[in-house]
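From first to last, the protein sequence lines stand for chains A and B.
Position 94 of the first sequence, counted from 1, bears residue number 94 in the working numbering, the numbering being contiguous throughout.
Position 125 of the second sequence, counted from 1, bears residue number 125 in the working numbering, the numbering being contiguous throughout.
Keep in mind that the hints are not guaranteed to be accurate.
Stated by the list, open to error - To be clear about the criterion: a stretch of chain A counts as covered by chain B if any three or more of its residues have a C-beta under 8 Å from a C-beta of chain B, and this derived list gives those stretches:
hint: 1; segment: 24 to 31
hint: 2; segment: 255 to 264
hint: 3; segment: 328 to 341
Stated by the list, open to error - Just a sample of chain A residues kept apart from chain B, beta carbon distances all over 12 Å, derived:
hint: 4; residue: TYR42
hint: 5; residue: LYS43
hint: 6; residue: PHE74
hint: 7; residue: LYS79
hint: 8; residue: PHE115
hint: 9; residue: ILE134
hint: 10; residue: ASP149
hint: 11; residue: PHE150
hint: 12; residue: PHE175
hint: 13; residue: LEU237
hint: 14; residue: GLY238
hint: 15; residue: GLY249
hint: 16; residue: LEU250
hint: 17; residue: ILE303
Treat the hints as calculated values from the structure; they're not laboratory data.
Ideal Cβ positions, reconstructed from N, Cα and C, are used throughout, including at glycine.
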Amino acid sequence: MTGYFIRRLLLVVPTFIGITLAVFVVMHFVPGGPIERQLMAYKMAVATEGGAGGGMIGGGAELPPAALEELRRFYGFDKPLHTRYLTWLWNVVRLDLGTSYVYQDPVWEVIRTRFPVSIFLGLTGFLLSYLVCIPLGVLKAIHHHSKFDFLSSFVVFLGYSVPGWALGTALLVLFGGGSFWNVFPLGGFRPSNWELLSIGEKIVGQLHHMFLPVVCYMVGSFATLTILTKNSLLENLGQDYVRTAFAKGLSERRVIFVHSLRNSLIPLATGLGQVFGLVLAGSFLIERVFNIDGMGYLGYTSILQRDYPVALGILVIGSLLMLVGNILSDMIYAAIDPRIRFR
Amino acid sequence: MTATQPLLQIRGLRTHFSTESGVAKAVDGLDLDVRPGEVLGLVGESGSGKSVTALSILRLIPDPPGHIAAGEIWFQGRDLLTLSWRDIRRIRGKEISMIFQEPMTSLNPVFTIGRQVMEMILTHEPATSRDQARSRSIQILTEVGIPDPATRMDQYPHELSGGMRQRVMIAIALVLNPSLLIADEPTTALDVTIQAQILDLMLELKARRAGGAILLITHNLAVVAETCDRVAVMYGGKIQEVAPVRDLYRNPLHPYTRGLLASLPRVDGERATRLTTIPGSVPDIHNMPTGCKFSTRCAERFEPCDSIEPPLVEVAPDHLVRCHLHEAPPGTPAHQPASAHDV
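I would like the entire structure built from these sequences, with the hints used as guidance.
Below, the structure is given as structure tokens:
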């Protein structure tokens, strides 16, 4: 099985090259690159100056060819596409993701500052959904067809069908001050006086600010996980080995929580491999609603502003984490289900 | 009737299932004794209520949809049907244990063989140390003929063949020396050669344990002839005939029993072109005949059969039959179970 995982790890390399090459090429052909943006900015500036000064006839402003050439060299567009890709790839291998066009900072720094937001949103959402959904699914399976079962299904599916950002707007109107209750702050990732707070105040402040965004972020994920747990457990409770366990004189609790649950969690545990990917978790719309400067917002603006190094940097980290996460999922799968053997 | 007190006395057992098309009376007034040390065969067609009877004894009927509507099951001076769940759990596995038809699915796939055998010991004898439980498990696995039991202890069910798994099931069932083993079609899912081995093994282990009885549920009359001391023939949720195995084969009284025996291919008899069959099929469980349950298929049906259900009477020593053709000899009362707790 070790051989299998070594092969899987080696396969990461061509997959990674494939993903990045495809994105690199697409970006090359998308109109509105950094040079065009610079030119636009230049024209705008000239036009404004001209309007103010009144001396020049507007519209005829063109960058001198030498300056244009200079710009192209600055962004590396003077070289052919394949050279640029290979240079970029070589830099990535040396752990250099380049410098952001927009922020003029190393890409790694730009992305890294968003990690806390992602980890809070992603990890809290992830842990909470497992902590809530597994017990809820178990309860629903034990009390199958009860009032509680129907009611909780209604609630989780309601959450599933409401978009997180729409819920966010509603929650802000209700709880973010204004016309109703002033319980939670209107937005932001942390209290604005963060540096002045003590540890305890920091924890409380952080939770206070993150509560609504986290609720919105994970409201849709409850249904899948809960229903998966419930159905998986229900299916296992009908298996022959459960009857054997009862016939051995085991308590109902032991049969459910030791024998059945262990089997029911197999499909759920495979999702654990993606836990690494959570450092990049983000949702542009939810971040916008709550005015948080997170990964979703960064990714979205980097594409709009043609900040290629940042967009590619997020892609590099995201795809590597996903590829490794898939392998990790398989490892977890093999570890918890003795019948699974990879060759 | 023999003078010895039966090990298990079932009186007037009714196990019903609620279905969409009404109440299915799978077991509908069943009387049966299991005597200490005997092998009692319970035979009947699919749907006659054999397995439901077996599951009812240990109260393993899935509820809903099933429930035990009436009856008494006396074991060691206690009515199993009135025991608390806590008390019935103490009986399961320790006093009465059970093996099932499907060895492939009756063991929990994610736990090792050793853990599943040891669980039986540790559940009922919690004072046992893990080392003791392990050595006792290895001991019983050796007794059921599993080669290299110490290695098998750490293997998972999927690493064993069907025959080996059924041996493990027998090991689990017998490790605590129960006084009754209920075997529900234990060989049906196995190869013919393995079937004989498993039956021999059960008889051999029984012989080593004084007083232990086996209730063998099967639809295979050849198996009954080889292994049982007495046979009970079941049809329509009721016992139709009970007799020592030789009596039953030599002198079957109930038309259904005669039909069953006639449908067996014989090596020594004349070679018929076709096997004899019982015409018709088992009546719809929702719509049982009011009189004799077999009346719809009986060639010897006469006037009272359609309307009056015949009682189970002892027509010869130790030979009971439920048929209007065989009334009790004058002077003997209809079969009345000796106990006061009869329905």
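| Three-residue Cβ test at 8 Å for the coverage of the segment 255 to 264 of chain A by chain B | As far as the segment 255 to 264 of chain A goes, the hint holds, because 3 residues have Cβ atoms under 8 Å from chain B.
Beyond 12 Å from every chain B Cβ - status for LYS79(A): Nearest chain B Cβ is 56 Å from LYS79(A), so the label holds.
Check: Does the claim that ILE134(A) lies outside the interface with chain B hold up, using a Cβ gap greater than 12 Å?
Finding: At about 17 Å from chain B, ILE134(A) clears the 12 Å cut-off, so the statement holds.
Exercise for the section: Hey, is PHE115(A) genuinely clear of chain B, shortest beta carbon separation above 12 Å? Expected result: Its Cβ never comes within 12 Å of chain B, the nearest being 36 Å, so this holds.
Q) Can we confirm that no CB of chain B comes within 12 Å of the CB of LEU250(A)? A) Non-interface label on LEU250(A) violated, nearest chain B Cβ at 6 Å vs cutoff 12 Å.
So ILE303(A) supposedly isn't at the interface. Is its beta-carbon more than 12 Å from every beta-carbon in chain B? holds, 45 Å
- Just double-check PHE150(A) for me: nearest Cβ-Cβ distance to chain B has to come out over 12 Å. holds, 17 Å
Can you confirm whether chain B covers the segment 328 to 341 of chain A, using C-beta to C-beta distances below 8 Å and requiring at least three such residues?
Coverage by chain B holds for the segment 328 to 341 of chain A (4 residues, Cβ < 8 Å).
Minimum Cβ separation between GLY238(A) and chain B greater than 12 Å?
Violated, because the least Cβ-Cβ distance between GLY238(A) and chain B comes to about 8 Å, which does not exceed 12 Å.
Non-interface claim for TYR42(A), where every Cβ of chain B lies beyond 12 Å
Check passes; 67 Å lies beyond 12 Å.
Task: Assertion that ASP149(A) lies outside the chain B interface [Cβ separation over 12 Å] - done: holds, 14 Å
Three-residue Cβ test at 8 Å for the coverage of the segment 24 to 31 of chain A by chain B:
violated (count 0)
Checked against the numbered hints above, the structure breaks hints 1, 13, 14, 15 and 16 and satisfies the rest.
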